[in-house]
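Colleague: One-letter residues, chain by chain:
Protein chains: 2
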Amino acid sequence: MLKIGILGGGQLGRMLLQAAANYPVETFVMENDPECPAAHLCHHFTNGDIKNYEDVYRFGKGVDALTIEIENVNVEALEKLENEGIKIYPRPSVLKTIKSKILQKEYYRSNDIPTAAFVITNNINELRLQQDFLPAVHKLGEGGYDGRGVRIIKTKDEIEKGFDKPSVLEKFIPVHKEIAQMVAINDKGETALYPPVEMIFDPRLNLLDFQFCPAEIETRILWKVEAIALSVVRNFKSPGIFAVEMLIDKNGDVFVNETAPRVHNSGHHTIEAHYSSQFDMLWRVMLNYPLGNTEHILPSAMVNLVGDDGFSGEVKYEGLDEVLKTENAFVHIYGKKETKPGRKMGHVTIMSRDKQDLLHKANKIRRSIAVKSV
Amino acid sequence: MLKIGILGGGQLGRMLLQAAANYPVETFVMENDPECPAAHLCHHFTNGDIKNYEDVYRFGKGVDALTIEIENVNVEALEKLENEGIKIYPRPSVLKTIKSKILQKEYYRSNDIPTAAFVITNNINELRLQQDFLPAVHKLGEGGYDGRGVRIIKTKDEIEKGFDKPSVLEKFIPVHKEIAQMVAINDKGETALYPPVEMIFDPRLNLLDFQFCPAEIETRILWKVEAIALSVVRNFKSPGIFAVEMLIDKNGDVFVNETAPRVHNSGHHTIEAHYSSQFDMLWRVMLNYPLGNTEHILPSAMVNLVGDDGFSGEVKYEGLDEVLKTENAFVHIYGKKETKPGRKMGHVTIMSRDKQDLLHKANKIRRSIAVKSV
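The listed protein sequences derive, respectively, from chains S and D.
878 is the number of the first residue of the first sequence in our numbering; add one for each residue after it.
878 is the number of the first residue of the second sequence in our numbering; add one for each residue after it.
By construction, these hints were calculated from the structure, which means they are not laboratory data.
Be aware that one or more of the hints could be misleading.
Lysine to aspartate or glutamate pairs mimicking EDC-like chemistry, simulated, CA-CA at most 20 angstroms apart [what the hints assert, rightly or not]: (1) S:K880 <-> D:E912; (2) D:K880 <-> S:E912; (3) D:K880 <-> S:E1191.
Hey, can you work out the whole structure from these sequences and the hints?
Modeller: Right under this line is the structure:
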C-alpha cells in the first residue's frame, strides 16, 4: 500500500482525505496544529512546520509520495526529496515557479501563454518610474495569499500604495468574466479537463464568493480557454492537478491570471456536481489509476462560508437548517474551532438544471447562513 | 458541537465518517481493533468491546448520541444510556427486537406486516414435529450474520441440518425478486424513502453479489413495497435509518424478510448514485437537520468485492485499473489489511442510464477484479 503525505492540514487536506478513504492508501499529514481540519482524518499526523526544511525533509522520508495543500512549503526540502526518489505532486520546480509571482509571469511569457502585460519592480523607486503603465495591479513577488499582497494602482496618486519589494506590475485588464479551469495530468501526460467555472468575487475580501459551473462562455472562447489551460499545465512537465485562473475581456481575449498547482477552492463543487471530484482525481493521479470522468452531473453554484465581520472566537453557525432543506444543497463545514472575519470556514454547493434557480438559491443561502462566534 | 459515537469500526463506520467530515460534529468510534477500517477517520478512537456492558456504557457516557454499525452490541448498556439521556439511533428497543429473529418475526406479525408464515422451534425435537411445514428456512434466533445461522430444509430428510437452539422456521417463499428499501426517519417522524434496490445473491456465500437500483418492479407493487417499508419503520417508533429487505413472489405478493436498523450494504450505491447518500442521511437525522434528497442521479449497479477463495493473509487487489477506467465506476476499498475467502473487502458502484450497459459493466468488473493475498 502506497504511503502518501499531505503538507498542510486545512480544508483541502480534509476533503482529500475524505476521498482517500475509497482507495488503498496510507495517509500522512503534517501541520503545526494537531486540531487542524485534516488532523483526525489521516492514518498518521505529524506536528510540524511545512515551511521548515528539516520538518518537511523528515516527513517526506517516511512516505512514497507527497502532495501539498498550499504553495507556501519548503521547496528546498522537496527538491532534495525528489532527488532521493520521493514522488512530489506537483514537482518542486513547479512550486518554485508558482510561489514567485515574478517567475510565474515569466513562465507564462516564455511559454507564449497569454497573460496581462507586466514589468518587474524591485522597489518603490522602480515602481515610481512606471506611471505610464497605469492603471495596473501591483502584486508582491512572494508571500501573497487570498488577496493579501495585491494592490490596484489606478493613477499616479496611488503609486505610494505599491510594494517596496520585488513585485510584478500588471496592466489592468477590464475584466468581462473571471473563470477558472481545473486540469489533471498524470505521469503518462494524460490530461483531464473539468468544465471552466465562472466566478464572482467579494471586492472587499477578494475571496471567492460565488461560483457557477459550467461557465457561460461561447464555444469559440471555451476552446481558447481549454487550449490555454492545457498549455499552462503541460509546460510545467509535472503530474498533478492544477487550477488555472483566467480573465476574459470584452473582446473575448483570454489572459492567465494565476495558477494553483493543487486542489483548489474553485473545484469544490466537483465533489457533488461532477462524477469524479478534484480530490478523487488527484488520488487517481498519485496512485497511478486511470483518470476519472470530469463531466458535470448537473450545473452547480458554490458559495464560500466565511467568518462574518465582528465575530472572533469559537464558531457558531446559524441557518444551516435553512440551507440543508434546500433541494440539492450540500454543506461542507471545515471543522475549524475558531472563526474570524473573512476566514474560510466552509462552503455550500447547490445543484440545479436551471441557472436562474441556482442564482436564486445561492443568493438565498448567502442571506440565510451566518458564521458567528459563541 | 455534538459528540457522536459509532459502535463498531468496520466499513460502515468508515463511510459514515467520510460523510461526517461535511458537518460540525465530533466523532467517536469504539472497536476492539485499532487498525479497523474506521479507526483513523474519527476524532477519538476507543479500543473496546462493543458486546461488553462496561465498555459500551463508558464509551456512551462520553458522547451526546450513539449509533451502530452492527446489531451485535450490548443492548443493556444502551438501555441504561438511553435512560440517562443519551440519544441512540436506533433506539435500544429496536435492537432488541431485531437481534432476535424470533422477536423480529413476532414484531412483523403483531404489526400486520406481511412476512413468511413461521413457527418457533426451541430445539431440534420441536423442529422434528414440523415436517408438514416443509420446505422451509430455519433461522437461528440469535447470532446469525451474513448467511451464518440460516439453513434451508426442503424435505424431512434434511431436518437434522436444523438448529438445536431457539429458532424460527419460515415457510419457503418461491422468490421472484429480492429487494431492499432504505428508509430514514427523524425525531419528528418525517421519513425519506430511497428507491428500492434489486439484489442477486451468490448462493454459495449468501453475500450480496450484485445489486441494481432502482429495482424493476411494477408501480402497483412499488406502492405496496413502500407502504410495507414505511410500516416496518414507523412501528419501531425510533429515529434512524433502516434497510427493509423484502421478497416478492410470482403473484406480486410482498414479504418482509428482515430489517437492518442502520446503514447497510444495500445502500452503498447511494454514495455516488443518489443526491443524499445513506451515510449523509443518517448524519442529517442525528444532527437534527432536514432530511436529504433520496432521488437517484442515474441508475446504478453495485458489486461487492469479497476475498477470493484460496487466499488468506495480507490483501492484494488485482484489476483495479480495469475497473477505474470504466466510465462512472467508483471503487471503495475498505482498508482491511487481511483478506480471507468471502470477507467483504470493498465494493464498486457503476452508474449508467441504460440497464443493459450496467449489467454488462457489472459483469465485466466482477470478472476483472480479484481480491488475493500477497
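Colleague: Name the hints, by number, that the structure is in violation of.
Modeller: none
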